[in-house]
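Add chains Z and L to chain A, keeping to what the hints say.
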Amino acid sequence: MTRRVKRTVALTLAAASTGCSGEQSALAPTGVEALAIDPLFWTATWVGVLVTLMVVVLVSIALYGPVSWRARLGSDWIVIGGGIVLPIVVLTVLFLYALFIMQANAVRSQEAGDEAVTIVGKRWWWEMTYTTADGEKVLSANELRLPVGRPVRLRLESDNVIHSFWAPQLAGKLDMIPGRTNEVVVEATEAGISRGQCAEYCGGAHALMAFYVVAMPPAEYDAWLAREAEPAQRPKTGQQARGHDVFMQNGCGGCHQVRGTAAQGLIGPDLTHVGSRHSLAAGMLTNDPEAFARWITDNQHIKPENLMPPFRQLSEEELSSLAVYLDSLE
Amino acid sequence: MREEELPNTLPRPEGELEGLRRAWAPPKGFRLITAVNNQVIGILYIGAAFLFFILAGILALIMRTQLAMPESELVSQDFYNQIFTVHGTTMMFLFSVPVVEALGVMLLPQMLAARDLPFPRLSAFALWAYVVGGLVFFSTVFYDLAPKGGWFMYPPLTLTEYSPGHNADFWLLGIGFIEISAIAGAIEIIVGTLRTRPPGMTLARMPIFAWAMLIFAAMIMIAFPAVILATMLLEIERAFGWPFFTADKGGDPLLWQHLFWFFGHPEVYIIFLPAAGLVSMMVPAMAQHKLVGYRLIVVALIATGFFSFGLWVHHMFTTGIPSLSLGFFSAASMAVAVPSGIQVFSWIATIASSKQRFRITTPSLFILGFLFIFTVGGVTGVMVALVPVDFQVHDTYFVVAHFHYVLIGGMVFPLFATFYYWIPMASRNMLSERLGRWVFWLMFIGFNVSFFPMHITGLIGMPRRVWTYPSDLGWNTLNMVSTVGAYILAAGVLLFIIDLFLRYRPTMSGGVGNPWNAGTLEWLPGDAYSSRSIPYVTSREPLWDQPNLSRDVEEGRYFLPGAPTGGRETIVTSPVDARPQYIIRMPGAGWSQLVAAIFMAGFFLLLSVKLVVPALISAFIFIIACIVWGWKLDHGPDKGPVDIGAGIILPTYMSGHRSHAWWAMMVLIVVASSLYLAYLFSYLYLWVVSPEVWAPQGSPDLPGIFWPIGTGLLVIAGAAAITVGGRLLPAPGRRRAAFVPVFGLGATCFLAALVAEFWGHWASGLRPTMNAYGAMVYMASFLNLQVIAACTMLAGFSIARYLTGKLDNVRRVNFENAAQFYYYAAAQMLLGLVLLHGFPRVAS
Amino acid sequence: MTGFDDLRHPDKSPSVIAMFIYLMIGPGLWGLHLTLVYSAHTLICALGGSSDLSATFVLIATFLVAGPLLAIIIMQRRFGRLLGLDDRLSGRTIYDAISRFTSVLSLAGILWAGAAAAIVTSCAQGR
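Residue numbers (the working numbering), protein chains in the order written: chain A, 75 to 404; chain Z, 3 to 846; chain L, 3 to 129.
Same shape as in the complex, but just chain A:
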């Protein structure tokens, strides 16, 4: 099976399993924390529905009820009973329930192992650093891969403005704040792809700062990480080699790193295995040569104010070669 076919199948499967519209929904939890929050959310919702119904019924009685009912409603005791006693009882129950979930979360976090991914919020993309079993740091971007059933500690940081990491199906959000490292332990419960997005307004292209979460069976994940740790593939075809040269000649390496080549820039996303990701430009584009070409020339339209300049001076031939080269970086 070719790579392209594999990718298509994976995406289709993911879409089928989660429902396309549900891929960023807190109501379709596929992570341990999100699953723990879900019943609390529904409990609170139903309590809320009941309270609202009660108020509607009582107001209706107060307006149109028989005189005797109205007389009974019109007393201080109703205010004390309904306004003080009832809320205190209901709120105590909800509050304690929430506290127990918080505590369970805290315990789960403490018990989790060392497996960790460091995610740094950038304007407006995500830098992800994995660590292999033998301690090697692997730089990647805009896609969080997780082994199903294994808790992974996410270390959330920022070196610019505040962002917030939110993959609703996995867990609640947690902010990325300069000067701090926030940690959340996530654990995917089933294989599949879901989407996440920056939740704290970070200026400019905040709306266009997304990522994908790819939960994989543990063995596949380990294999993927081993591959991810390797340097980039050498160009195989003439066009790819031409693209590689265009990349180097146009200074792309000043901002981007492609491990195994001279490109060592760390300002923009690492491109060593960019071809194997599910999206380009932090969740904005599909991953194919056409999308690469569009991004390189037209990125200020696709993601206004992003920090990469558009490269319109490239000839058609240069552009397509560059796009093919980048797409080949699996």
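Warning: the hint list may mix true and false statements.
What the hints assert, rightly or not - To give an idea of the interface, some chain Z residues facing chain L are shown, with a C-beta separation under 8 Å as derived from the structure:
| hint | residue |
| --- | --- |
| 1 | L205 |
| 2 | G312 |
| 3 | Y538 |
| 4 | S576 |
Just so you know, these hints were derived from the structure itself, not from any lab.
C-beta: ideal position from N, C-alpha, C; glycine also.
Just chains Z and L now, kept in the frame of chain A:
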């Protein structure tokens, strides 16, 4: 009360009513802008706030149109980021708080049967500063200068590095003086509510709206200083690079969030409480039955006022602070839900107690709509207060839905009820009940259609503050529905404006009478002077319980039926049980407060665009105008005591702790202390975050111990000299040579202390740009400088008054004000010395 | 003119400070409690203290504040007299009710905050 027992007898002397009319007549024609009558200022204030509501609403419609469809390119990303910032900022700062203050200015004196608020020019000042500043701020949206950091302006995004240009400065300085305007209003409302109630109206008989406004003003006093400090810190960091919020230098972006939300959360209740107070006034009128659970409503107002200060962190649940801290604030969020429950049940009980049936009028419809919407908003409020749920819904459209339910439901709906209910008090016509029903249903349906789906949009993943979204996430239909709802809501508002044009005809002479047969004093017959005489009140609904009250008041049988001093005056009563204490003489129309307002706004706005010289000229004109304004205020006791009726003879001049000026100064001192406490918190907070930059390890050594001791002695000597100066004030008409030197010596000691404190640190080599510690140290001096500058001006003013023979040991309010503020300055500076010189020594 | 006798003696008016304290003692203690437990917990955790120390402090503070508040609720009139408020003051029963209920709500708030410390481990990051 039998007729012969009323305080004044008939017939009233000839010319008494004319004298009253003459004293209170507002200026005519274009000079109306110099008017200070609360009924004029109130209407203009409400009108201005409503204009901002419309303007910010139009921005909302642009946003909804942009979001109607996915990947829409109707507006640009940059423009969208500006308009959502301006929408939020305008709604919060230029609409909600001002409109509530405006209602206070308009309604409070009438409900308290006072002739005006105690500081009429201050209300006028607050109004004009707000109108000028607000319009300039809003207009930035037309020339690409609008702030785009979101209405809560989180740094680092709003630091110069990430927000170059003047946009953010417009927010920081533009909002700065609106905060000043709000505080001016709060002073007015606190002193007005506590001191200008009619005789007999004890706290326990006060209308609920007055309670609500009292708590509203008290909350402004505590909450606004926190955001004032925050904006100062951020503007100073932007302009001069003092690193309060920069993590690399020991600052912390979260400090902003703490300060902002310490203001921002109470702000929601600052907006809601007065609206709830209005509802508590209208429900009894519509039910023709007194409010069931009056005392419990007061409980709810007080409890909300307090608890709302204990939940600021619930806007920061996702910042990663410790679980248990989140637990504390979640607990407080639970606690604040209970008082809302009390109020809802109290209204239901009152509706149930209706004499016949609860009257369904346009105001009642808006109240019923409010009850439903507010309940839903309260319920979702409890949901977001549950920490784990908030992890998911925070910063999504669920929260957008929640706070619009709370704010539009909790504030805008009662406001529209208020318009329909109280316009008859100030207009020759009522608004149309027929159109009113259309307005209500359009707004109610439009609101729910627009905002209810947003709960779901948020839950299925849509974050707030996004200018566009992809089409394949299932958000399309819901967004389209929300947009349609927004237009229906807008149609309702438009219809209301049409109704207003057709029917609203402003008048100060009593309007339509008492169309709802309500029981409170604002429905007394009246004119520009409010009611002809000031009633003696023996119940909470005097118009229901005291027969013939309206007639007797109008005939002048109650207190102070004329204008005995020939000017504007009202009765000042004791704060708890409203016994008459003295007659306050109030200023009339004038230009000084108008000029002061325009040039204060000018100062801040010119500073925003870094036009320093024009800004300073503006500030100078502002100060001159303030001096002119203040010069005429202290009349002295020249008119002698007056008889207000029933043989009660009151002085027309008061100094000391009973004087309204003393009270206003105390309120200002509470504001200043609250600002300083916010500073103390900031200092200690940054130390907890970054102890490594603190002296002596991370920064140059502290100045030697003789520095703080010497400075402290200077401060104490200054305060002592000012006390002695007060003793030296001569009897009226006499002179005493020692007053000016002694008082001047006190003022000089304070200036010297200010310089000594600054120089001590400077000489140690510490610089404010070095790190967060340095910035905090010099910030203390900056805050002292502000207070001392104000003190020095008050001192200079007192000396000028003395030299012109207008200050002596009877006519001494100007001196007392200065002295009070100096004592406060002394306390602040001594506390600062202990903190800045003691704490690092102890902590290391 | 007997009806206005009580208006003639502005000096007999009760102290506004006493009234303020009487009506707001509950919320005031609640605020004190929140300040205490929040700052102590933050400080202990930031300085690397043990989570047990923090939890113990919070629980003790809760008892120390809730106890007196409960006493005030029970012996309310006496507390009012202590502040110098006259039992026959006009509207006294209303002030009593306001004071009592604000105190009860505050007590609930204090106990909720205490419950948080009993259930949630101190110093763990907010997840």
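The hints, checked one at a time:
Hint on L205 (chain Z) holds. Least Cβ distance to chain L is approximately 7 Å, under the 8 Å limit. Because the beta carbon of G312 (chain Z) sits about 5 Å from the nearest beta carbon in chain L, less than 8 Å, this interface hint is met. Checking Y538 (chain Z) against chain L: minimum C-beta separation of about 7 Å stays under 8 Å; hint holds. At about 4 Å, the closest approach between the beta carbon of S576 (chain Z) and any beta carbon in chain L falls short of 8 Å, and the interface hint on this residue holds.
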